[in-house]
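2 protein chains.
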Amino acid sequence: MTAPYVHGHGAREAERLRDQADTLSALIHDGTRYPVGHAVLEAGCGTGAQTVSLARNNPGSWITSVDRAADSLALAQARVEQAGFANVTFRQADLDALPFPPASFDHVFVCFVLEHLPDPAATLAALARVLRPGGSLTVVEGDHGTVCLHPHSDAAHRAVGCLVELQRRAGGDALIGRRLHPLLTAAGFADVDVSARTVHAVGGRPGLADTFTRKTFTAMVDGVRDTAVADGLASASDFAAGVRDLDRAADTGGVFVYTFFKGTAVKP
Amino acid sequence: MTAPYVHGHGAREAERLRDQADTLSALIHDGTRYPVGHAVLEAGCGTGAQTVSLARNNPGSWITSVDRAADSLALAQARVEQAGFANVTFRQADLDALPFPPASFDHVFVCFVLEHLPDPAATLAALARVLRPGGSLTVVEGDHGTVCLHPHSDAAHRAVGCLVELQRRAGGDALIGRRLHPLLTAAGFADVDVSARTVHAVGGRPGLADTFTRKTFTAMVDGVRDTAVADGLASASDFAAGVRDLDRAADTGGVFVYTFFKGTAVKP
Numbered sequence: 217m218t219a220p221y222v223h224g225h226g227a228r229e230a231e232r233l234r235d236q237a238d239t240l241s242a243l244i245h246d247g248t249r250y251p252v253g254h255a256v257l258e259a260g261c262g263t264g265a266q267t268v269s270l271a272r273n274n275p276g277s278w279i280t281s282v283d284r285a286a287d288s289l290a291l292a293q294a295r296v297e298q299a300g301f302a303n304v305t306f307r308q309a310d311l312d313a314l315p316f317p318p319a320s321f322d323h324v325f326v327c328f329v330l331e332h333l334p335d336p337a338a339t340l341a342a343l344a345r346v347l348r349p350g351g352s353l354t355v356v357e358g359d360h361g362t363v364c365l366h367p368h369s370d371a372a373h374r375a376v377g378c379l380v381e382l383q384r385r386a387g388g389d390a391l392i393g394r395r396l397h398p399l400l401t402a403a404g405f406a407d408v409d410v411s412a413r414t415v416h417a418v419g420g421r422p423g424l425a426d427t428f429t430r431k432t433f434t435a436m437v438d439g440v441r442d443t444a445v446a447d448g449l450a451s452a453s454d455f456a457a458g459v460r461d462l463d464r465a466a467d468t469g470g471v472f473v474y475t476f477f478k479g480t481a482v483k484p
Numbered sequence: 217m218t219a220p221y222v223h224g225h226g227a228r229e230a231e232r233l234r235d236q237a238d239t240l241s242a243l244i245h246d247g248t249r250y251p252v253g254h255a256v257l258e259a260g261c262g263t264g265a266q267t268v269s270l271a272r273n274n275p276g277s278w279i280t281s282v283d284r285a286a287d288s289l290a291l292a293q294a295r296v297e298q299a300g301f302a303n304v305t306f307r308q309a310d311l312d313a314l315p316f317p318p319a320s321f322d323h324v325f326v327c328f329v330l331e332h333l334p335d336p337a338a339t340l341a342a343l344a345r346v347l348r349p350g351g352s353l354t355v356v357e358g359d360h361g362t363v364c365l366h367p368h369s370d371a372a373h374r375a376v377g378c379l380v381e382l383q384r385r386a387g388g389d390a391l392i393g394r395r396l397h398p399l400l401t402a403a404g405f406a407d408v409d410v411s412a413r414t415v416h417a418v419g420g421r422p423g424l425a426d427t428f429t430r431k432t433f434t435a436m437v438d439g440v441r442d443t444a445v446a447d448g449l450a451s452a453s454d455f456a457a458g459v460r461d462l463d464r465a466a467d468t469g470g471v472f473v474y475t476f477f478k479g480t481a482v483k484p
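Protein chains in written order, with my numbering: chain A, 217 to 484; chain B, 217 to 484.
Here are a few chain A residues that sit away from chain B, every Cβ distance over 10 Å (derived from the structure):
(1) Ser241
(2) Asp246
(3) Asn273
(4) Asp287
(5) Ala309
(6) Ala319
(7) Arg348
(8) Gly377
(9) Leu382
(10) Ala386
(11) Gly423
(12) Thr443
(13) Gly448
(14) Leu449
(15) Arg464
(16) Thr480
Derived CB-CB ranges, DEER-like:
(17) A:Arg272 to B:Ala446: 58 to 68 Å
(18) B:Glu381 to A:Gln308: 49 to 59 Å
(19) B:Arg249 to A:Gly448: 47 to 57 Å
(20) A:Gly448 to B:Gly448: 31 to 41 Å
(21) A:Gly350 to B:Pro275: 38 to 48 Å
(22) B:Pro317 to A:Ala299: 56 to 66 Å
(23) B:Glu381 to A:Arg385: 24 to 34 Å
(24) A:Gly448 to B:Asp467: 35 to 45 Å
(25) B:Ala290 to A:Ala456: 48 to 58 Å
(26) A:Gly469 to B:Val252: 32 to 42 Å
(27) A:Asp370 to B:Gln308: 33 to 43 Å
(28) A:Ala337 to B:Pro422: 24 to 34 Å
Treat the hints as calculated values from the structure; they're not laboratory data. Glycine included, every Cβ here is placed at the ideal spot set by N, Cα and C.
With these hints in hand, go ahead and build the complete structure from the sequences.
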């Protein structure tokens, strides 16, 4: 897990993740409600974008949120404290070397994490170790191959392709959503169930067009502009055209479609 | 509306449409329930693949199903009679020249039709004419640009691209799903609402992998093989590889993802 985090850790990135969480919270967290008194591990909480939703939706659960990055963890802790939740404990840890005994948790929640890992199967095995038999695993991931926009733009798809390629070079997989089911199955989990959760953001309307199309997805692609151009993956003008076309899908008459995948499974 | 129907009218095609309807009925028809006594126009019923679901779900409605193709209409009528429904009247008609007075219907239902039309906006206007003020329009379309499969295959995407191109040459648009919202809005409808309905077909399982991935989508792509090769859009071997890879997504370990779009709107 020494791969660099492709999206960076700047302030704009923190804002992007916060926008993403606020907008997509219902889509992502629908169905994730844990019983009172259960112990939940949030594996890879980052800056706490999902932690607040987890804490809000599961006020009776004991949530432990871990991340390997101390600066992200500090931001997550501050955010959760500011939101007034007292049911979350933070701990710095690597997902492949979790400092917990076997079967420590009733549930594990992992969101937008596996996409960044060089060996997601190994990480799933590490997570299974700290999960009690009968406990549940929930995994949420996107898949940039599901991007679909109106007006269609080859340049936009090429710019998205640069992000996919850079994430691949960093050891990750931005197309991981589609293979959640085989990954969870191969990792030995039972009762694997994956649902596709598609965002349909209508341009020119308040809500998703601004918070998701523009401030989340387009901003994320734009965030790798310098690297993509420096690495020769795209010309500056082509990349700029791609970002402009993505942004245009947020305007009146435009549409942006993206599918997230949410998998649940049980440790046998 | 003189464009040729890209999928053909053979027996295999009729079976494909029947499989599609049986499998996807819940996804497509969820939310489409009309009041007792209301008059519903199904515009472009084809061989009746959706007509049976419409008739079953709306036993108290008066359904009029029209199509321009007499042979399709005969198949649709036979299918609905065999299913035992008596609330459907069939009539041969062109959607752009419907033989009904203005405001004849309380609701109009259109499924997998606009994708084949050279001027969907004109057809929407023609449908609006026969709809009473306050009446509802429901439109369902796919979008082949949403195809996402595991294992990923460039050849599969190229084969799908051949179908998209042939449909374009026939005057249609296999990527129409993404622009349902702008189309309905531009046609002057009110309360336009479009939802994305994504199929997530897990390979090797009974159900969608066989009925949708294999017998519906892959069969549909395979159906244009000869034309695509004859027209020089693909080499025979590349097209065959693409179809093989689509088919492989239906095997254990594979995944096939496809998004339909369902729009509802009201005539002001």
